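The listed protein sequences correspond, in order, to chains A and B. Per my numbering, residue 373 is the first one in the first sequence, and the count goes up by one each step. Per my numbering, residue 94 is the first one in the second sequence, and the count goes up by one each step.
By construction, these hints were calculated from the structure, which means they are not laboratory data. Wrong hints could be hidden among the right ones.
When the alpha-carbon atoms are kept at most 30 angstroms apart in a straight line, the in silico DSBU-like pairs for lysine-lysine are as follows [claimed, not checked]:
hint, chain 1, residue 1, chain 2, residue 2
1, B, LYS199, B, LYS518
2, B, LYS378, B, LYS199
3, B, LYS199, A, LYS446
4, B, LYS199, B, LYS278
5, B, LYS518, B, LYS619
6, A, LYS446, B, LYS588
All values reported here derive from a predicted model rather than from experimental measurement.
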Amino acid sequence: MNVPSTILTLLMGIGLTLISLWVGQNYHFLLPVSATDVSPEVDRLFGAMLTIATGLFLLVQGCLIYAILRFRRKPGDDTDGPPIRGNIPLEILWTAIPAVICLGISVFSFDVYNSMGGLDPMASGAGMGMAHHHGHHTAIAATLDEAPAMTGTEVALGLGAAPGSQGQAPDLQVNVQGLQYAWIFNYPDLNVMAGELHVPVGQDVQLNISAMDVLHAFWIPQFRIKQDAIPGRPTQLRFRATQPGRYPIVCAELCGSFHGAMRTEVLVQTPEEYEAWVASVMPEAETTETGQGSAVTLAQNPQNLTDSEYLQVYSDRLGIETRSIAQLAPAAL
Amino acid sequence: MAPAELRTPGAIEPDPEPWQRFFSFSVDHKVIGIQYLVTSFFFFLIGGALATAVRVELATPEVDFVSRELYNQLFTIHATVMIFLWIVPAGAGFGNYLIPLMIGAKDMAFPRLNAIAFWMIPPAGLLLIASFFVPTGAAAAGWTSYPPLSLVSGQWGELIWILSILLLGTSSILGGINFAATILKMRIPGMTLNDMPLFCWAMLAASILILMSTPVLAGALVLLSFDLMAGTAFFNPTGGGDPIVYQHMFWFYSHPAVYIMILPLFGAISEILPVHARKPIFGYKAIAYSSIAISLLGLIVWAHHMFTSGTPAWLRMFFMIATMIIAVPTGIKVFGWVATIWGGKLRLNSAMLFAIGFVSMFVVGGLSGVMIASVPFDIHVHDTYFIVAHLHYVLFGGSVFGLYAALYHWFPKMTGRMLNEPWGKVHFVLTLVGFNLCFLPMHYLGLMGMPRRVAEYDPQFSTVNAICSIGSYILAVSTIPFLVNAVYSWVAGEKASANPWNALTLEWTVSSPPPEHNFVGQPVLKTGPYDYGVTKRGESRKPISQLKASDILSGSTR
Ligand code: HEM
Ligand SMILES: [Cu+2]
Ligand SMILES: [Cu+2]
């Protein structure tokens, strides 16, 4: 029955490691579906951090609970504990180990950030003056005619192309505008405007994000990407969705009283579905050369518009007037 | 409790002083300290009521309890009250009460300034609460008050919010000057910086942060008020201003602010654990210097709150690494605390339970903190309930648990009465259970896709939110045993001796409550603050902690 304490400690260490590894492998129930090519890497990063966190959590809590049970003062014992004031090797150890762990997490994070396109010079702001990007696109209530024509030649901060496709134009560009309290999507190549985001699966999609009034934040939890929409400053996101389906688009930055209602959906579609959707919205856009057509469609023909139900329910109460929607028509594009 | 052997030689009962002095412009640091603590606790109750209203709204996915407009005001004022009117002034309250006593001084360096600093708080707080009743309602742009939203939601509420924070910030700066001057200049002869109790180190570190960062917040808010009232365009993009510059200025203060809120409690925990574990603090210098390291590093990590604000990649990487590095000195403290209680003779009273609870809960917030320092992961969870969980593990699990530990520990010194122990334990258990039930599930909500600052949410989250709300009701109830205990004990509790815990820091060498001007004559220090278990060379085999006050402090201590 007399197990030496070193062996006990060793066994506990092994047990703790195994539990941490097990937790770190089984994080999937803590996250929504992962639906882009790089989002699983973010999940792996989370898994790794969760492994380490579990280990440290169990270590500290284990010591605390053990101390509470084992080292409580016996009734009547008024003496002090041993006058131990420190232990330099131990202190070096618990300085060095966290330092190495943090370094490791930093390197891992850097790597994942790179695969997400964070270091793409077109989106990273590398070599860019800190505050040059004001100039002409500062109008808070820009009509689309005045709005920055985001051609991709200008640095819009955010997440850019993955290392493999840097310097290449994306397969699809969508201009995303946040306004109190809706997301409006413009497809410049199609001359189409929509209240939901439709993207073909497997394609390299770039979102040019802007805001009309206050800050908003464009978040797709299943894509693990988020970017603030900032009035007067273009930002961008770029992704390649891999799992067809419908996912929520959530506004994550407080933008006023209906902030919680500022939601819509992204539809990741097979090429056929996507083409069908394009066909269903295109004819009208073509009939009216000015592009006014789509705006009218938005206001008058909800079936063709595929606005999410949520937006339809609230749109009249949200204060999005037809006028401001009309201003958004991709006339200039 | 064993009868205290460490008794002030010739201690006399201080004359019962009239309670009215607590409502006067007293310049006695002990009165001011208690004024701070009672005032901030009052605001804690108000902040808690607002939080409970927030959780009632969130118990169901629909907007049904308050209007959306009011909801935004509720969480904005909740956070503002908790931060600027509870945790920051409560930390300052302990600083005021304890620093002069701990370093053997008769008062703070600038007693009048001290009183002025305190008396700015009640008007600022009442102004803020009153703003609910102005026509456009209270501020509703979050405690961060980002423009342009803060410029277009209720103008008067926003203006009052700015004025109130400016007053509170000024108060905090005055307090910081006072703490730093007192600690640096008024120590008892023979007490070098490295002989100071760790609480003083922590207050010094917090004061450095206050002095470096608070003026920047004041600058940001003055400019914001110009944009708001005079139509200037510092931050308003309509006129060519830059809303992101505000974020930089705001977080240049507000990240350090989180350390301003936790450092005093780091210090308090470093005092409480050794006393009740009957062991010296483990690694005095490491804990002392890590406070300074945290405060300096804390000045260069602010943009980790802005990873999705269109921050350039190199800045994101810089701030990620700087933030990760802060985990190292923080880890040093946590491991030092664990090692302090390891092998001790733990007295598991309410103060000690809250102190151990502090370490345990703070670790959770620290671990999630390292996770969200990682840019790719933070891009997913920023502005979600994961952040709400994180910030409450550090602010509630950390600062509030620490404040409770400190209240249980120093209440006898401040009032001359003991708190009731069984009720203290009920309070601890309710707080621990309610807190974890309320905030642990929020990690999951954030990861799964629930943003923060919303009055309505996807119904898939309703069960977990209901659990959080139940936790918050338990938390609300948990304050009752404490309140009753504190009020009852203050009036009619068991009388406390000068040193009920057999502690070695100087505040315990004088009567409870201490006499005016604390010490008579010029006391001289003879032992260190953490000499538990140490026997005095030659003289006696009795541990130092069992000796009389005259062995700690020579010279008359009255
Ligand atoms: C006691 C110390 C507490 C502190 C220092 C504190 C501090 C904060 C802070 C800083 C925020 C962020 C608000 C913002 O960024 O706008 C917040 C939000 C929140 N707090 Fe607390 N809090 C405390 C206690 C509580 C309690 C007891 C509850 C629940 C009963 C609670 C519930 C909430 C909720 C639900 C939010 C999120 C509101 C939203 O984003 O919609 N807090 N708190
Ligand atoms: Cu929003
Ligand atoms: Cu921070």
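Do the hints match the structure? See the list:
no., hint, result
1, B:LYS199 with B:LYS518, "35 angstroms, violated"
2, B:LYS378 with B:LYS199, "27 angstroms, holds"
3, B:LYS199 with A:LYS446, "38 angstroms, violated"
4, B:LYS199 with B:LYS278, "12 angstroms, holds"
5, B:LYS518 with B:LYS619, "36 angstroms, violated"
6, A:LYS446 with B:LYS588, "25 angstroms, holds"
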